[in-house]
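Student: Below, each chain spelled out in residue letters.
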Amino acid sequence: MDSERFIAALEELLAAKGEHLRRTATLLAGGPDDGEDLLQAALERMFRRRGAAITEPEGYLRRTMYNLAADGWRRKQSWRDKIPLVSQPATAPDPTGAVDDRDHLMRLLSGLPPRQRTAIVLRYWEDLSEEDAARAMGCSAGTVKAAASRGLARLRELSQPPPRPSLVPDAPARDTQARNLS
Amino acid sequence: MSIDLERELREVMERAPISPRPNVVKESYRRFRRRRLVTRAALAAGAAVAVSAATVIAVTGLPGQQHVETTAYVLSQMNSALAAASGDVMYISQDGTDPTGSTPNPESIQYWAYGSQSRMLTTYDGAKSDVWDTLTHVKQGLEDSVVSVNYHQRTVVKDGTIFPHVPTQSTGGCYGIPGGLQDSPGNGLIENASLLAGLMHALVHCGSMSAAWHQRFDGTQAVELTGHYGNTTWHVWIDEATFLPIADGFSSPDADQPSSSERYAWLAPTAAHLALLTGPIPAGFTVTTHPPTVQVSVPHPKPAGPPALPTVWGTGPAAALARRMGATLSLTGQEILAERQVVAGSPSVARVALSWIYPGDVRTQTSDGAGKPESDTSLITTLIGHNRIKQVSTVVDYVHKQVLRTSAGGTAGVWNPGLPTPPEVCAKAAAGQDPVGDYSGGFSPQYGAGDSAAVMIRDLLACPHISVTIAGGQKFSGTSAIRVTWPRPALHSTDTFWLDASTYALLGMTSATDPGYVQHQGGADVGPSSLQARWLPPTKANLALLNVPVPPSFAGAS
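Heads up: the sequence lines are chains A and B, in that order.
Residue numbers for the first sequence follow this note's numbering, so the first one is 1 and each next one is one higher.
Residue numbers for the second sequence follow this note's numbering, so the first one is 1 and each next one is one higher.
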């Protein structure tokens with residue numbers, strides 16, 4: 001397939017399935033910007049491999065994203081967590097507590113180790129069976145089960161409400177730095 | 001509880017925000033093209049990997065003689081030959097077959113290099129209409145211009161890269177090994193005979209090798225070198241008569257590195273051969289010109305002046321102190337801020353962090369509560385044009401003994417939301433919120449050591465409805481200090497800031513929860529935290545503190 005047709009085929013795919021693919025990438029990568037980077041990295045790999053027969057571009061793109069995410073792609077996240085002065089993706093303030101909770105859970109999800117996050121996204125967003133998720137991640141079903149289980153346990157642990165007045169929207173000043181250091 | 005969490009998770013995932021980028025497919029293709037271009041040097045560098053100075057090759061069977069040749073001899077002969085060939089036009093063709101088999105490759109490449117110019121002609125799938133012609137011209141090592149002609153789309157794209165410093169090839173490590181150059185946006189170097197020879201010197205220690213003399217390659221008697229680096233196997237054939245490379249190839253189980261092979265030819269610089277370097281730009285093609293991208297570099301020394309600070313308003317001693325701090329910040333903004341922060345608490349929370357902050361450059365070392373090193377991180381931020389920045393990070397992970405290097409770009413609006421205005425600071429402080437959070441997220445490449453916390457204190461002091469206590473005649477680590485205490489009952493804590501009584505620069509801060517109140521984070525207790533600050537002039541020795549040493553034994557160190 002020549003370049004132009006390959007590009008057109010991928011653009012057609014994104015036009016049809018782009019929102020779902022982007023959301024998947026966002027969840028796998030932990031944020032919308034990193035999600036777009038992940039999608040772009042996966043597309044780039046497809047260009048490298050276009051000489052090979054890619055019979056199902058969508059499946060190939062998904063598997064590439066899963067693999068990149070599970071392999072700790074963009075492990076640079078670690079420096080964001082460790083450097084107090086580096087920005088986190090900004091989220092607009094929302095007046096409702098429900099949105100706060102969702103944002104909180106989303107942040108917790110993005111903080112999980114790559115394989116746990118990938119396992120959870122594949123199981124609960126992509127609705128893959130453990131066997132299918134294992135094939136996509138290139139590991140055993142037991143590994144997927146364990147990663148998803150550990151991830152959920154960690155989310156459950158972290159999502160316990162802190163013993164703090166609920167009207168206080170922000171952490172104390174030095175608590176911000178403490179969080180960034182952890 | 002489990003079902004609730006899973007349900008919430010699904011709801012969260014349904015609503016996860018996305019931020020679609022326009023033309024993500026074409027941008028991916030452009031990046032793919034760009035990477036393919038710079039991979040050229042890595043391919044050539046493979047020729048050197050196969051050479052190991054430590055290996056001794058026994059050679060027998062030459063008519064009338066028997067001697068021992070070492071790889072050092074091979075390398076020496078090859079370098080001499082390449083030096084002599086530096087005035088030739090180097091021609092490389094890649095036919096898509098590996099040296100041990102016939103793995104089809106979708107690309108067929110021809111490459112010419114002479115002096116500061118190169119040309120790469122790529123044909124995909126054997127289709128004559130799907131051709132890319134890429135012309136590169138390096139101008140005094142500081143800028144390269146790249147013209148890419150796409151015959152299928154009938155387009156011409158002109159762009160390039162600007163290098164703040166003349167790029168030089170690495171003299172150490174395994175530069176050029178797959179994964180090295182490929183992640184660079186451009187290398188500012190033309191792959192020619194001298195670069196090839198230099199890369200050989202740099203790479204000679206990277207692999208193990210075996211060699212076989214008196215092999216035949218396309219009818220030429222050659223030395224065949226076979227080297228291994230990681231999971232890549234390299235083969236190089238060297239003409240036994242001229243000691244110039246005549247072919248190389250590599251194979252790797254890594255799917256991203258398909259097997260390929262290259263043939264070398266060394267052409268006399270005749271007019272006909274030089275004309276091969278200037279591909280035509282056909283009439284009627286759509287021409288697009290992009291401004292050149294700017295290569296990231298460490299911005300030392302920093303020539304930029306201090307940023308403009310918001311005006312302090314208000315009256316009274318607090319506002320007066322704020323004004324004095326503002327004057328100091330204009331000076332300290334150009335210095336290196338060295339911080340030592342200690343967070344007490346449960347083992348999972350307790351941390352010690354040392355940071356050095358300079359405009360565009362941050363280094364942070366962290367260790368756990370017992371002093372065991374965890375990480376050493378460098379983040380360099382560079383403005384690369386209007387409202388766009390590039391960030392390069394190096395993370396030395398002492399826990400897993402590995403090194404991670406990443407780069408990312410973005411708009412300054414995303415990465416650098418800017419400093420909150422004083423009214424915003426006051427509104428948040430009055431509501432019991434934490435303005436430091438905003439500053440922490442507002443790292444500005446220009447601001448750097450302007451120190452977010454000091455700016456916050458300055459603005460805080462000027463807020464009309466914030467109650468702080470100012471006490472002079474204090475001591476902080478032996479320095480005469482002014483203490484500013486800010487009780488925060490809503491957060492069950494008290495923050496205390498210490499300012500140098502002479503310069504009004506920030507010396508340190510502490511944050512302590514009120515007696516009887518236990519602060520938790522993720523199930524762990526959080527104790528008090530403290531921070532000590534020092535301001536260092538940007539001397540060469542102090543700037544060196546921003547560099548992260550990389551233990552050579554760590555994975556990814558090379």
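Rather than coming from a laboratory, the hints here were simulated on the basis of the structure.
The beta-carbon is built from N, C-alpha and C at its ideal position, and this holds for glycine as well.
Among the hints, a few may not be true.
Unchecked claim - Computed cross-link-like contacts, SDA-like style, restricted to lysine to any residue with a CA-CA straight-line distance of at most 20 Å:
| # | chain 1 | residue 1 | chain 2 | residue 2 |
| --- | --- | --- | --- | --- |
| 1 | A | 145 | A | 126 |
| 2 | B | 372 | B | 406 |
| 3 | A | 145 | A | 104 |
| 4 | B | 372 | B | 548 |
| 5 | A | 17 | B | 17 |
| 6 | B | 26 | A | 156 |
| 7 | A | 17 | B | 158 |
| 8 | B | 158 | B | 122 |
| 9 | B | 26 | A | 126 |
| 10 | B | 26 | A | 12 |
| 11 | B | 401 | A | 114 |
| 12 | B | 26 | A | 146 |
| 13 | A | 145 | A | 127 |
Said to hold, decoys possible - Quick look at which bits of chain A chain B covers, simulated, 3 or more residues with Cβ under 8 Å:
| # | segment |
| --- | --- |
| 14 | 8–15 |
| 15 | 33–40 |
| 16 | 108–121 |
As the list claims (entries may be wrong) - Here are the simulated distance ranges between beta carbons:
| # | chain 1 | residue 1 | chain 2 | residue 2 | range |
| --- | --- | --- | --- | --- | --- |
| 17 | A | 15 | B | 346 | 43 to 53 Å |
| 18 | B | 469 | A | 149 | 31 to 41 Å |
| 19 | A | 141 | B | 371 | 52 to 62 Å |
| 20 | A | 141 | B | 278 | 53 to 63 Å |
| 21 | B | 372 | A | 157 | 47 to 57 Å |
| 22 | B | 540 | A | 55 | 54 to 64 Å |
| 23 | B | 11 | A | 138 | 50 to 60 Å |
Student: Run every hint past the structure and note whether it holds.
Tutor: Tested hints:
A hinted pair counts as satisfied when its Cα atoms are at most 20 Å apart, and residue 145(A) with residue 126(A) qualifies at roughly 15 Å. For the hint pairing residue 372(B) with residue 406(B), the CA-to-CA distance comes to about 25 Å; that exceeds 20 Å, so the pair is violated. Proposed proximity of residue 145(A) and residue 104(A) is contradicted: the alpha carbons are some 24 Å apart, above 20 Å. For a cut-off of 20 Å, the pair hint linking residue 372(B) to residue 548(B) stands: about 17 Å separates their Cα positions.
Between residue 17(A) and residue 17(B), the direct Cα distance comes to roughly 16 Å. Compliance with the 20 Å bound is thereby established for this hinted pair. Annotation: proposed proximity of residue 26(B) to residue 156(A) is violated, straight-line Cα distance about 41 Å (limit 20 Å). A distance of roughly 32 Å separates the Cα atoms of residue 17(A) and residue 158(B); the hinted pair therefore is violated under the 20 Å criterion. Restraint check for residue 158(B) and residue 122(B): satisfied, since their Cα atoms lie roughly 17 Å apart, inside the 20 Å limit.
In summary, the hint linking residue 26(B) to residue 126(A) is not supported, as the alpha carbons are separated by about 26 Å, beyond the 20 Å threshold. With a C-alpha separation of about 12 Å, the suggested pairing of residue 26(B) with residue 12(A) holds against the 20 Å cut-off. A C-alpha spacing of about 18 Å is found between residue 401(B) and residue 114(A), which places the hinted pair at or below 20 Å, so the restraint holds. Under the criterion of a C-alpha separation no larger than 20 Å, the hint pairing residue 26(B) with residue 146(A) is inconsistent with the structure, at around 38 Å.
In summary, the hint linking residue 145(A) to residue 127(A) is supported, as the alpha carbons are separated by about 13 Å, within the 20 Å threshold. Note: the segment 8–15 of chain A has 3 residues with beta-carbon separation from chain B under 8 Å; the three-residue rule is met and the coverage holds. With 6 residues carrying a beta carbon less than 8 Å from a beta carbon of chain B, the segment 33–40 of chain A meets the three-residue requirement, and the given coverage holds. Figure legend: the segment 108–121 of chain A, annotated as covered by chain B; annotation consistent (3 residues with Cβ-Cβ distances under 8 Å, at least 3 required).
As the Cβ distance of residue 15(A) to residue 346(B) is approximately 50 Å, the hint placing it in 43 to 53 Å holds. For the hinted restraint 31 to 41 Å between residue 469(B) and residue 149(A), the CB-CB distance of approximately 51 Å leaves it violated. With their beta carbons about 42 Å apart, residue 141(A) and residue 371(B) fall outside the hinted range of 52 to 62 Å. Against the hinted window of 53 to 63 Å, the Cβ-Cβ separation of residue 141(A) and residue 278(B) comes to about 59 Å, which satisfies the hint.
For the pair residue 372(B) and residue 157(A), the supplied restraint of 47 to 57 Å is violated, since their beta-carbon distance comes to about 24 Å. The supplied range of 54 to 64 Å is met by residue 540(B) and residue 55(A), whose beta-carbon atoms lie about 58 Å from each other. With their beta carbons about 29 Å apart, residue 11(B) and residue 138(A) fall outside the hinted range of 50 to 60 Å.
In this structure, the hints that do not hold are numbers 2, 3, 6, 7, 9, 12, 18, 19, 21, 23, in rising order.
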